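A.B. asks: Note that the protein sequences, when read in sequence, are chains A and B.
Here the first sequence stands for residues 69 to 834, where the numbers follow this note's numbering.
Here the second sequence stands for residues 207 to 497, where the numbers follow this note's numbering.
No wet-lab data here; the hints were simulated from the structure.
Since the model is a prediction, treat every value here as computed from it, not as a measurement.
Think of the CB as a built atom: it goes at the ideal place given N, C-alpha and C, for glycine as much as any other residue.
Treat the hints with care, since some could be wrong.
Facing chain B, from chain A, some residues (calculated, C-beta under 7 Å) [to be verified]: (1) V636; (2) Q639; (3) R640; (4) N643; (5) P646; (6) N650; (7) D651; (8) G726; (9) P727; (10) A729; (11) K765; (12) A768; (13) R771; (14) R775.
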Amino acid sequence: MLTQRTQAIKDSLFARDRQVSLERATLYMESYQQTEGEPVVIRRAKALRHVLERHRIVIDDLDLLVGNRSPEPRSGVLSPEMSPYWILDELDEFPTRPQDTFEMSEEDKATYRRTLYPFWAGRSLNDWYTSHLDADVEQALGDKVFSVAQTDKGQGHIICDFPMVLGRGLGDILDEVETLAAADPENDFYQASLICMRATVAYVRRYEAIVRDMAVSPVTAPSRAKELRRMADVLSHVATEPARDLYDALQLVWLVELVLQHESNASSFSLGRADQYLLPFWRASVEEGEAPEAIRELIQCFYLKCNTIVAIRSTESASFFAGFPIGFNLVVGGVDEHGQDCSNELSSLLLDVQSDTRLPQPNLSLRMHANTPASLLSKACEVIRLGDGVPQVFNDEANVLAFVNRGVSLADARDYAVVGCVELSIPGRMYGLHDISMFNMMRCLEVTLEENPDGFATYDELEAAVMSTIDRYVALMVRGCDACDLAHRETSPTPFLSTLVHDSLEEGSDITAGGARYNPSGVQGVGTANLADSLEVMRQVLYRDGSMTYRELMGMLARDWRGEGDEVCRQRLINRIPKYGNDIDEVDEIGARFLAHYGHEVARYRNPRGGRFQPGSYTVSAHIPLGEAVGATPDGRHAGEQLADGGLSPMVGRDRSGPTASLRSVSKLDNVLDSNGSLLNVKFSPATLAGEGGLAKLAAYLRAFSRLKLQHIQFNVVDRATLLDAQAHPERHRDLVVRVAGYSAMFVELSRAIQDDIINRTEHEL
Amino acid sequence: MWEGPTAVTEECVSNVQRYSLHDGGGIRTVVFLKGCPFHCPWCCNPEGIGFEPEVSYSEKLCIHCSPEGTDGRCDAPPDACPTGAKSVIGEMRAVSSLVDEALRDATFFEESGGGVTVSGGECLSGPSRQAFVTNLLSGCKDHGTSTALETTLAVPLADPASLVVVTDEFLVDLKVSDRQRSLDVCGIDPEVRDSNLESIMGLGAHVVARLPIIPGFTDGREVVAANIATMLRLGIGRADILPFHQLGEAKYVSTGREYACRDLPQLGERDVAWVVAACEEAGVRAVTHGE
Numbered sequence: 069m070l071t072q073r074t075q076a077i078k079d080s081l082f083a084r085d086r087q088v089s090l091e092r093a094t095l096y097m098e099s100y101q102q103t104e105g106e107p108v109v110i111r112r113a114k115a116l117r118h119v120l121e122r123h124r125i126v127i128d129d130l131d132l133l134v135g136n137r138s139p140e141p142r143s144g145v146l147s148p149e150m151s152p153y154w155i156l157d158e159l160d161e162f163p164t165r166p167q168d169t170f171e172m173s174e175e176d177k178a179t180y181r182r183t184l185y186p187f188w189a190g191r192s193l194n195d196w197y198t199s200h201l202d203a204d205v206e207q208a209l210g211d212k213v214f215s216v217a218q219t220d221k222g223q224g225h226i227i228c229d230f231p232m233v234l235g236r237g238l239g240d241i242l243d244e245v246e247t248l249a250a251a252d253p254e255n256d257f258y259q260a261s262l263i264c265m266r267a268t269v270a271y272v273r274r275y276e277a278i279v280r281d282m283a284v285s286p287v288t289a290p291s292r293a294k295e296l297r298r299m300a301d302v303l304s305h306v307a308t309e310p311a312r313d314l315y316d317a318l319q320l321v322w323l324v325e326l327v328l329q330h331e332s333n334a335s336s337f338s339l340g341r342a343d344q345y346l347l348p349f350w351r352a353s354v355e356e357g358e359a360p361e362a363i364r365e366l367i368q369c370f371y372l373k374c375n376t377i378v379a380i381r382s383t384e385s386a387s388f389f390a391g392f393p394i395g396f397n398l399v400v401g402g403v404d405e406h407g408q409d410c411s412n413e414l415s416s417l418l419l420d421v422q423s424d425t426r427l428p429q430p431n432l433s434l435r436m437h438a439n440t441p442a443s444l445l446s447k448a449c450e451v452i453r454l455g456d457g458v459p460q461v462f463n464d465e466a467n468v469l470a471f472v473n474r475g476v477s478l479a480d481a482r483d484y485a486v487v488g489c490v491e492l493s494i495p496g497r498m499y500g501l502h503d504i505s506m507f508n509m510m511r512c513l514e515v516t517l518e519e520n521p522d523g524f525a526t527y528d529e530l531e532a533a534v535m536s537t538i539d540r541y542v543a544l545m546v547r548g549c550d551a552c553d554l555a556h557r558e559t560s561p562t563p564f565l566s567t568l569v570h571d572s573l574e575e576g577s578d579i580t581a582g583g584a585r586y587n588p589s590g591v592q593g594v595g596t597a598n599l600a601d602s603l604e605v606m607r608q609v610l611y612r613d614g615s616m617t618y619r620e621l622m623g624m625l626a627r628d629w630r631g632e633g634d635e636v637c638r639q640r641l642i643n644r645i646p647k648y649g650n651d652i653d654e655v656d657e658i659g660a661r662f663l664a665h666y667g668h669e670v671a672r673y674r675n676p677r678g679g680r681f682q683p684g685s686y687t688v689s690a691h692i693p694l695g696e697a698v699g700a701t702p703d704g705r706h707a708g709e710q711l712a713d714g715g716l717s718p719m720v721g722r723d724r725s726g727p728t729a730s731l732r733s734v735s736k737l738d739n740v741l742d743s744n745g746s747l748l749n750v751k752f753s754p755a756t757l758a759g760e761g762g763l764a765k766l767a768a769y770l771r772a773f774s775r776l777k778l779q780h781i782q783f784n785v786v787d788r789a790t791l792l793d794a795q796a797h798p799e800r801h802r803d804l805v806v807r808v809a810g811y812s813a814m815f816v817e818l819s820r821a822i823q824d825d826i827i828n829r830t831e832h833e834l
Numbered sequence: 207m208w209e210g211p212t213a214v215t216e217e218c219v220s221n222v223q224r225y226s227l228h229d230g231g232g233i234r235t236v237v238f239l240k241g242c243p244f245h246c247p248w249c250c251n252p253e254g255i256g257f258e259p260e261v262s263y264s265e266k267l268c269i270h271c272s273p274e275g276t277d278g279r280c281d282a283p284p285d286a287c288p289t290g291a292k293s294v295i296g297e298m299r300a301v302s303s304l305v306d307e308a309l310r311d312a313t314f315f316e317e318s319g320g321g322v323t324v325s326g327g328e329c330l331s332g333p334s335r336q337a338f339v340t341n342l343l344s345g346c347k348d349h350g351t352s353t354a355l356e357t358t359l360a361v362p363l364a365d366p367a368s369l370v371v372v373t374d375e376f377l378v379d380l381k382v383s384d385r386q387r388s389l390d391v392c393g394i395d396p397e398v399r400d401s402n403l404e405s406i407m408g409l410g411a412h413v414v415a416r417l418p419i420i421p422g423f424t425d426g427r428e429v430v431a432a433n434i435a436t437m438l439r440l441g442i443g444r445a446d447i448l449p450f451h452q453l454g455e456a457k458y459v460s461t462g463r464e465y466a467c468r469d470l471p472q473l474g475e476r477d478v479a480w481v482v483a484a485c486e487e488a489g490v491r492a493v494t495h496g497e
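Required output: the full structure, derived from the provided sequences and hints.
C.D. replies: Set out below in structure tokens:
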């Protein structure tokens, strides 16, 4: 349950429309105008300092934790230093675009056009990037074979060393930086780091001063004054000292998060293994005699803070990442450096608070393994059952091995956490460009077919040709990613973040220049399900039963199945030929071959930071725009129709054998290769999971998931809207399992009346 | 690959349902054998009544791609149907192929305490089918998978001892209690059933009674009381209470059958709470819908 205070804070988050904010952009530009000619890393540090010194601090009467990104919560903070162009193009569309809308005043628009745009045009990160792309890469990007991300915003997708921050305090880290900078005065990174650390300490003191003023103000009620005095004490302490208890720790973590945001303006400065690093501080609070209700309220406040920041993306980017995910990924559970379960009381409490707040952030994740305690798993299942889609579940049995396979030490691999959505990372030690590219394997199929109008003598030749196309475009994708990687190094180093990521201080270089211990680039292979389905269709109709010719099939694809008799043929290809996701080895193995091929191919390449490329398989919402780029395909897709969601999930409506069969299909892929992370969506109706029995079966399903060595799973506990859509478009929801009366059943196989019944009942339950 | 004793026959299977949650404990795979000698008017699996493969036609999935027959339904052979709207229900399957299919979900069975359930139709109708079922369950047990049977048990049993050895749980329906009315309405002789129950329980079988609560047929106080008395007399300590639902309606339409219970009201958990209470009062542990 939320308290009166936290309920009011939650309500206030959504009380007003989201606004675009130019505050940071304006301050940033002011600083850059004063630092012309200085080294870029110093300029970035000074710009951060300027923002921390000047941005407007807002402390609400209800706040127990302080720290605001923008004057209004959930503002869209623009970063024209990354790319001024898309903003100019879309300035008038923020309030009306299809996804992720923001209000923007005419005055701000004018300011943007008059001052911000002209200043940054020609000198942004994006300028560096585009001017270093070669023609082949540009062509491939234009053809949507792959995308390169973070070309118009900060990288993010990283977890800094929170245990170090909390355990040593900002002051001790500052001392270390002072020593290093004094010993090596020529090193610009150390100078920049020093500027950032001093500015951060001063930033905390700014909050402290304001809180102290509020505490002594005659208009402040005595009860609030008492709270403010405690807040001032916390701020005064954490400005330089290690955290003493949970209050200190949560306040310090949040302020560090804010500084990271002010520096980079990026998605996914994730929270890492909070149940591990917060545990000693939580225990201290308990021992101090802090009431459990007070502790819970404080965590609620922290969770709510995580919802005050949203990412503003370009319209195109918002279609890939719909719903402004900001990636405060918070992990509980898992094994310690010795491989032993290290879940604790706090793991459970952090899950519990989600049932109070019921908001998208933090994005909770459970790390599970063979010995995850039944009580923690059951708690996670209870929260999953609420239907918010969290926690998502990650499998140590696959993910630790995945990192070891990439040369990460066993102890570091066992400490993995999650950034962004599902990307796996090593907290405090890895700058992984985890979300740098999405590679559209279905476009590779399409290109292969276009380039071979006469077809292939054998099925094996067809497969080999598609793989060769994949290889060709992987080489181009690598060049595109490297251009973006270098653009960040050249224009947008992140000295504050680097200070908190090993081994940047030891090496004296920014993470963008290779200072982190681990330096992969994570590139997602998208379209496994559709590719397996398409190739299986071609194998059957062209090479097995010979019921069609290559030319006939190409003709149907070219006219998007709109010729005489095409629809009947399309239906046959969809319904009468095996599809990925139904535990049919032959077709699942095609998916496995291609995912493995892609994974091995990308891992051949090194990036400019000395790390290697590594594969992932997730789409977030990108299966929609990536599908738009692909014409009709042999699996029966229409031109422009979405690709399979998730990354490893079967194509929507094509898995008809239930949730155990789809898990088995995914288990045939070599999931351990996907060291950058993969994504599997599974849908259940709320009633299927109802009662103690439903909970136990979900837990058993997850135990099986872990044994099958999948990496990730998340549950959609289906809502009324989906059921209504299933009624209108049964072909899209053939896999939907619902609990009816005495049974669970496939929703689409029920009569209209029963469907109505379930829809109505579901509404009552929710 | 299962390599146990080879069954000499195949049986007609209407469906193999994975991820079945309420036909025995845990996550289960249910094998539905096609064909039933009885005629309960509320049957929710009408496609399982006939012993032979039959054609099913679902208007909802039809895209009307071929000229329609005289009755307004598609007259093309099921093989030619592109969407599966017209399909054949019932496939002759050997024991080994069913064991292989069932074992695909072994991981889920082990983690959930689930396993394989054979259902129907009436999965024990006739001695050769009983031998088939015994082989099938034996094959599952050889791989450590737990087994269950869903049956009326109102048929002569050729070799109850062998069946008991391979069946971890018998789910046995107790429906209309009065013998003559049961024979009239369902064709089921409760005396045959009870004598079989005595026989298998004497051999150590674990039995759960299943009480479908059907308005006008089995929802009377006297029927429930009689069924409870049967459980007490035979020493059955657990009952699943199954409130009537209209799940099967669409399947009556698609297999071209008349449905006598179309207008009966569905029952919810609350409607059968009194049955659960009556069982509990008599010392029989009862749950609605089953575990």
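A.B. asks: Among all the numbered hints in the text so far, which are the ones the structure does not match?
C.D. replies: Structure breaks hints 5, 6.
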